[in-house]
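Enquirer: Sequence:
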Amino acid sequence: MRVIFAGTPEFAAQALAAILAAGHHVPLVLTQPDRPAGRGMKLQPSAVKQLALAHNLPVFQPDRLKDPTTHDPIRTAQADVMVVAAYGLILPQAVLDMPR
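The numbers in the working numbering rise by one with no breaks, and the one at position 42 of the sequence shown is 42.
Please note that the accuracy of each hint is not assured.
As the list claims (entries may be wrong) - Here are the simulated distance ranges between beta carbons:
id	residue 1	residue 2	range
1	R39	K66	30 to 36 Å
2	K42	P9	14 to 20 Å
3	R100	G40	42 to 48 Å
4	H25	L91	16 to 22 Å
5	Q50	H25	15 to 21 Å
6	H24	K66	27 to 33 Å
7	R2	T70	16 to 22 Å
8	P68	L43	23 to 29 Å
Hints listed in this document are in silico derivations from the structure and should not be mistaken for laboratory results.
All C-beta atoms in this analysis are idealised placements derived from N, C-alpha and C, irrespective of residue type, glycine included.
Generate the whole structure from the sequences, applying the supplied hints.
Expert: Following this line, the structure appears as structure tokens:
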């Protein structure tokens with residue numbers, strides 16, 4: 001099954017790990033943009049992005065999803081389902097309707 005995954009914190013990374021362990025194909029991972037953290041306020045990737053990159057999965061980090069021009073990567077992923085776990089943005093109905 002082709003699964004788009006949307007999530008950001010460690011909790012969500014555990015869900016993504018379970019999806020990968022189950023053998024599902026993940027054509028796209030959505031996560032929040034990197035944020036400043038720590039004493040130096042350096043940009044830090046989310047736990048989900050770190051896991052996705054470790055598995056060579058494509059990562060998409062939009063600031064917002066209200067603009068239809070940001071929907072192209074989701075549409076072209078041609079997923080069967082989308083799993084959302086603690087993503088952090090409201091997903092527009094158009095995005096929710098994209099998976100089969």
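Enquirer: Work down the list of hints and note, for each, if the structure agrees.
Expert: Now the hints, each set against the structure:
1. R39 - K66: 30 to 36 Å: holds, 34 Å
2. K42 - P9: 14 to 20 Å: holds, 18 Å
3. R100 - G40: 42 to 48 Å: holds, 44 Å
4. H25 - L91: 16 to 22 Å: holds, 21 Å
5. Q50 - H25: 15 to 21 Å: Holds, at about 20 Å.
6. H24 - K66: 27 to 33 Å: holds, 28 Å
7. R2 - T70: 16 to 22 Å: Since the Cβ atoms of R2 and T70 sit about 20 Å apart, the hinted range of 16 to 22 Å holds.
8. P68 - L43: 23 to 29 Å: holds, 27 Å
Comparing the model with each earlier hint shows no violations; every hint is respected.
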